[in-house]
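Engineer: Listed below, chain by chain, are the residues.
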Amino acid sequence: MSVTLDIRLKRANKVYHEGEAVTGVIVLVCKEPLQHHGISLSMEGLVNLQLSSKSVGVFEAFYNSVKPIQLISSNIEVAKAGKIPGGKTEIPFEFPLQTKGNKVLYETYHGVFVNIQYTLRCDMKRSLLAKDLSRNCEFIVHCQPQKAKVAPTPVNFTITPDTLQNIRERSALPKFLIRGHLDATNCVISQPLTGELVVENSDVPIKSIELQLVRVETCGCAEGYARDATEIQNIQIAEGDICHGLSIPIYMVFPRLFTCPTLETTNFKVEFEVNIVIVLHDDHLITENFPLKLCRV
Amino acid sequence: FYLERSRGRNYEAELQRCHPEVALVEFGDYHPLKPIMVTDTKTRRGARKGSTSSSSSSSSSVPPDPLSSMLDGTDPLSMFAAASASETPAMSHSRREKEEEAVGPDFEPWSSKRGEILARFTTTEKLSIVTAVVSVGKAPSPGSSAVSEKVRTRLEELDDLEEGSQRELLNLSQQDYANRIEELNQSLKEAWASDQKVKALKIVIQCSKLLSDTSVIQFYPSKFVLITDILDTFGRLVYDRIWTMCSDPRPLPDSFTVEDVNDTAKETCLNWFFKIASIRELLPRLYVEAAILKCNRFLNKSGIQETLPRLTAMIRGIGDPLVAAYARAYLCRVGMEVAPHLKDSLNRNFFDLLGTFRQISGESVRNQLVLQRVEVPEYLTLYSPAISWILQCIAYRAPEPLLTEMMERCKKLGNNALLLNSVMRAFRPEFVAIRATDFIGMIKDCDEAGFPKHLLFGSLGRSLACADPPESERLTILNEAWKVVTKVRSPQDYINCAEIWVEFTCRHFTKREVNTVLADIIKHMTPDRAFEDAYPQLQSVIRKILTYFHDFSVLFSMERFLPFLDMFQKDSVRVEVCRSIMEVFIKHQVELTRDPVILNAMLHICKTMHDSVNALTLEDEKRSLALLIIGFIRMVSFGRDFEQQLSFCVEARATFCNLEPVLVQLIHTVNQLAMETRRVMGGNHSRKTAAFVRACAAYSFITIPSLSSIFSRLSLYLLSGQVALANQCLSQADAFLKAAVSILPEVPRSISVEGKLRSSESFLLDFINNFLATLLVVPDHPEHGVLYLVRGLLNMVQDYTWEDNSDAKVRVYISALPLLAAMSQETYLYSIPKVDSNETLYGGDPKFLSEINKLCETLIGQILDHLKALGRDEVRTNADVQRFCFFFLMIRSVLQKVSRGSPCSPAPEHQSLVYKLGKNICASHIRFV
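Protein chains in written order, with the numbering used here: chain A, 1 to 297; chain B, 1 to 929.
Looking at chain B on its own, in the form it has when it is part of the complex:
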């Protein structure tokens, strides 16, 4: 009753006053964040390891930072990096790394083949290991005894038996076998560590002897991998040991020569070689010598160079072609590792291999296969890892003529399919690609028996996927290849091959050809639901297509693309495929689109993803799916055809009703649409556009209630209300805001944020403040009373069950005061064009003002009551006192703001009350703190 009205404000003038003076900062001035300027840096590095010293002088406008001055210019990390960059060759102990450098990173290392072989060549047959301790020649037995030869050999046999030799472990499963070999590997290491070098050697010999056993032949490649691991270990142990013998007084440099090696080390090394040379059996002697090939470096310069050809020739003595092929592969592997420059023995190996090729179809092999019940094609595939590896070594950085020569030689052998396959896999794709037509001819000429042709075409396709054949031949190549591929009967073989060729097709041809290919795949894979077993391959087809076709209008205009997608009938796979398509779409679709083909197809895909959501779907999964769908929705634009866009949103809402984030996005899209309409119309809606924006509002209004998150609902109501207001849809805006107010009581006291339960109070307060700010411009509804919405809101706040001991309610009241003050101004701080706010509606009607004042009175009364309650409270903690002081100051400043300069005097009783309370509080504050 005293406070007649709020102080009149001149917002313009206040804005002017509030502008801060522009202070220019001169460049070159000191600034705390400016880095220290180093004007001169000299870095000097020592020649030897560790002695990296660097000095730098720095001058800057500020005293040097103590941290950086400690480091003397260079920080330790970059210092190390620099040191290692410049000094690795000199000090690197990691010799293995160096070796790989010698070969180069483009050489596919054995380690990557290893796993593949182990996974590919498996067996369910029972295996056996004969653990026989090999007598290391007869040499070590001193012949000083007089006992006869017979007795002596008998004694030796007894000795062997004592060591538990000649023990045959039967009926081992593949896993047992691998474990057993790993055991041997471990005992090798143990024997070595406990200085039992002879035992270590015996273990290695025993292991390599296992390689001559070709029973359970399907497992042989894997066995080879397992056992050569042991050999590698052994080779490393021996090399390292001799190396350390020379490392006194200082470690041997990596590029050491024979002169750097001391006599003891040489003698030890020589001993190893003599010992190995006396191993009785051929295969162990070969493998073990190959394993320690590198140690030749300690003895003489040309050792490796002489040994490699000798070992190569030695392999000729191995009768079994498979065993020989793998022995060659091992030799090539060791050769590449130790002396990659010695190409000759690699070639020699290959030529020998070709020379013995007729053995593969020989009688002893045939007998063996019959005995083991292994088919010839399966037997032949056992060779491919070995031959491919040998060829890969040869082909590595090999000159073109050599490769041509190799090819000619293969041709001479009657286009042996096995060889051809390995040639195509091992040689550079470019090389193969240029001769693709030749290769096709050769593949055709191969005899069908033995090696299946689809494998050959698979290998060819793999090369062509990486390198381009001459342009003129491409179509012929595709035709020829596909002619064969399409004839493959077994769906599994077919899809394996077709999958490879898809890449070639996508790379060089248009959608027409790809479409044909897809049609063919569908034709092959549909009968008997063969696709069910080929999901990985089919997925890879999709992936390949997506890599090459980024234009989705082209992609979806392929007739067979969607039918192809229909083959993915397992839900998880289908969703994964859809997801990958969406990812590519979002990444590569730059322009907004309205293409009906794309929209239809994408909607279909998104719907598939959406429909996969069920009660069991994880939150993260849902979120990522929603993100993808949102990405799609954002890419859709019908340009000026707003109605079309709205109807798209309607459709999308129906389709994606289970994913809330999508619905939220749709509401945003529609709101944006309304604002866009407003922009196009320049703010003046025609009848038609007005109807349209109302339709938009209606869309939002019916969509929002379906959201479960209360805060999304609140903020969307507010946002949509604002949009409606901006579009002069007053009643819609009113409805939105009313809806917002009406759901306020539903806001729970705590909500879960990122999985943690948190109080919702701060969110709610934020929202209410935002809401209050909007209310300034919302005109009162003619049928409801003055300040209908404000009252409504305040009532809700009043009735809301706030947390105990919470000041939230009072805070809302306090923030409502400025709103009321702003409402009583003659001109409002802000307004919406074409919308008359209360200022115009009431035109400063005193009744209106007094209503506001009354409201203010009530609020202030409430606030003061709260303050009193706080002041009276017996139990007061420090926090309470702080709270009180805060409110005290708040209310004071608000009152001052509201009342200063107003025509009437401020309410003295309130003022005095405030001051009295203040004194009390200050006293209690002193008492308690």
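If we strip away everything but chain A, and leave its shape as in the complex, we get:
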């Protein structure tokens, strides 16, 4: 006797905001009538923090700081113990997306050390002989648009051998001059990062120019914290020896789920940075870093 259990959200993109109602249906498909001991549906929002292996030893003391933080949790009984007729049964449900007290619903974010995730879980209890059924379904929360207006401020940059730090032998470096600008470093998350870059001159041909989007996750509290920067994505914007003096567009779409508005709480922080990486033909790697501030409007 097969039965499938599914949760279908009303919105195709599964995106909800605080204060809205998460609506949908539980879909049960079975060939024959089905006996059960009750169906329940729960909603949960959690922040999972993880310490990177290199810092575990140091921060074992702050063990409690890496306990998952619950943002929202509620539970309803969808159906009392009874019988479901054969065929397809749809049970509609609705959860208000409301926090208790002064808790804030952070935006959904999938990172390495920080994960903010909202799930719906449907459980169907059954008799001892049959296994209980359950189904998980993630939905996405976007935080409310920030009230403050973001005025885009362009950031100009110039990269020459002289502007570089962390180099071993400045004299061995070939000459180059790269100029450009980012249209803004406080970016709207739903809009791409844009800008321009011009290779004015370069003694050694350029191999590749890339945009590296980096997440900077900080876990911990006042006592101490772990800060890790990891790459989210790397987008090549120039390949080969590009024409000098011609501006090349800088353009990157912020990936969904893997980015969220810059977040700063007492227990953890999620920040983003972008690196402009220039690879020269002799495999010199030149990186220019720009911290970003993401927001949602």
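Hints were generated in silico from the structure; no laboratory data involved.
None of these values were measured; they are calculated from a predicted model.
Incorrect hints may have been included.
[Stated by the list, open to error] Restricting the straight-line Cα-Cα distance to at most 30 Å, the calculated cross-link-like pairs of lysine-lysine (DSBU-like) are: (1) B:K197 with A:K88; (2) B:K453 with B:K523; (3) A:K31 with A:K131; (4) B:K275 with A:K293.
Once you've looked at the hints, dock chain B against the given chain A.
Structural biologist: Below, chain B without anything else, positioned relative to chain A:
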């Protein structure tokens, strides 16, 4: 002995009697073939598909035809046609067709360029494919694990390896390479069909990554074509999938807006774009996004409009100028297909291209060329398909000022030859033609290095062949162009260019200039027999000349035309050229001609065709050659100079002796000539004309035996005999007819008609009947006996080995009876002016009549014997009985006709015999049927 003579006939009176009464048919009467008159038709069409309903009321003088009434006025085919004509925009699923409409049929589609590029850019070098599964950004990997970054990347690499990535296929031939790409295309389709969308995307990314590889650079344009095919497939798959997602409950109209698209479809579409935006490498990201550009329609109105400029700018990041140029070409192609109205990004692309032009002569390119051992001119030609395509997109229905601006920009870049070439090829010929002088100036200013000038002049010539430059400049243009063309050293390059310019020359100039051009071509192509490698081009020269010069007297008066033809020394090509000339001649020569120049030249050409015939020539080939030559012969006329015409025929006979149909035509021509002479002389030949017509007869007489087909010979003998008779050449006529009779025994029992073996009997019978009819007017030869020819014929018939069980012989006898009866009349049914037939010769001499009667007796005897034999026969089939009855009736009616009203009584014993036989037969008929 009883049948004294045939019944006397009054042909005049009989003719009068036989005239049918004239019955007038009133108009408006019912006629079975008259169509039903529909007086009122109303057709109403439903607004939606399929619901085409039409009603019509028809009134006519007849009950409506059941078929047409079933169809309710309109037949189903025209109904469909009407429906599709009025409703295509609403219901057409063939969206691709619609797109092309948006561009218009005058836009040369990519598909036509495709093949050309594939054929042109080939290589014998070994190729390699790196099949690396591209990691689709880092995004899809959920970062929930605690393992360190290093370990994770290592694991990812392992994953990739598992999928068989990073596999380099080396040493592929060009064909292998194409096959491999086709394999990828197939696996893309399979992956898509089996719902492995990610795999499909990976394949596409992998393919487009191949485009950044410029090793074996000569093959790059072809590689581009192959790979963009895959991208097109992918774009179509994605678009169709999203489109079907919206087609529930009813299909999306073609002109849908964003509001018509449901959320799920939008989300799917958005997913695709996010996924593509996270592709790491620049080139795949660019190509794949361009491939699904059209899907922007599902998301928002201005999507395409915003994406195109962005992608255009993105291409600036491609360092290799060749790769960038082709990426631009692809973007333009997609742009033209999806949003032809967005011209700006096309222009932008071109300006960017110009901006990066200096890269082509840059150091990295130079290093690459040295490494691959490719010459600069060859390298530059690799660009031409891409640049031409971009310019073609820009130039399509572009306003004049824009084109002028483009040209100015090209000029600024130091008249770069490569650009100039593409401009000339892509812009409207009219545009180029008006500025032809400017272009020539620019071409002259180009630096010789890099791009050969003859190619430039070739492109210019191509434009000028379609559009006319101002009249005053034409001669200068030709002079300037030819100055360069004639200096081209390599014969192959030379002829390629010259061939193009021939058209311009023919279009605007007289034979003098064309002659000069031909002379120049001959001069260039003769050394070292260079023409041997240039037959297609030389043929095209001839074709072009023939398109513009229809007056053959002008054509052949070009001194160099025939020497030019002499360059075609390969037999098959030469015959083909001659054939094309002949075809044009037959089509365009309206007036008969006697121009010696034309005749000489045409005879030469026809002789060439004729001489190509050998034992191996196919029948069809022979037939078509013969037809062409016949066409020529018919066009020849010397007017009143008949002797000249005859001597032409003599010459032609000598020349075309291997083609029988031509000989037949010649005999006909000569016969016609004789009759024409007769007409001119009003039937009274002078001594001179009499001699001439005899000469004609002699011509035919000696020509006919050389024909192999016995029936042509027979009919020509008969025809020529008739002609000779009409021209009062009695002995010649006699000779013809005698010859005909004498070859009768040679007629085979079966002949091949259209490849099938058939009995010759019916042909033979037809001929004999025709022959007999002629014999009525042929006077007896004074030295031979009475009815010499008739007897001769009948003897031949008697001796001929007819088919077993055939009645043919008896049939001939039966048809001979009316002839004999007609011969015994006082005045004959027909006669030939100025020729005394037997009626006058014998004047009803009883001896003559009795000869006829004797002959009749013999014939009737023979016939009756045959009848008896039939009647006696033991084994009789139904067919036999029918045959018998037929003969029975025939003989009866013939006998009646012959004997009725004659002064003597009919032969009673014959009559009774006939009746007795009849009874027998009727009895047996009842028994057997």
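Engineer: Hint by hint, work out which the structure violates, then give me just those numbers in ascending order.
Structural biologist: none
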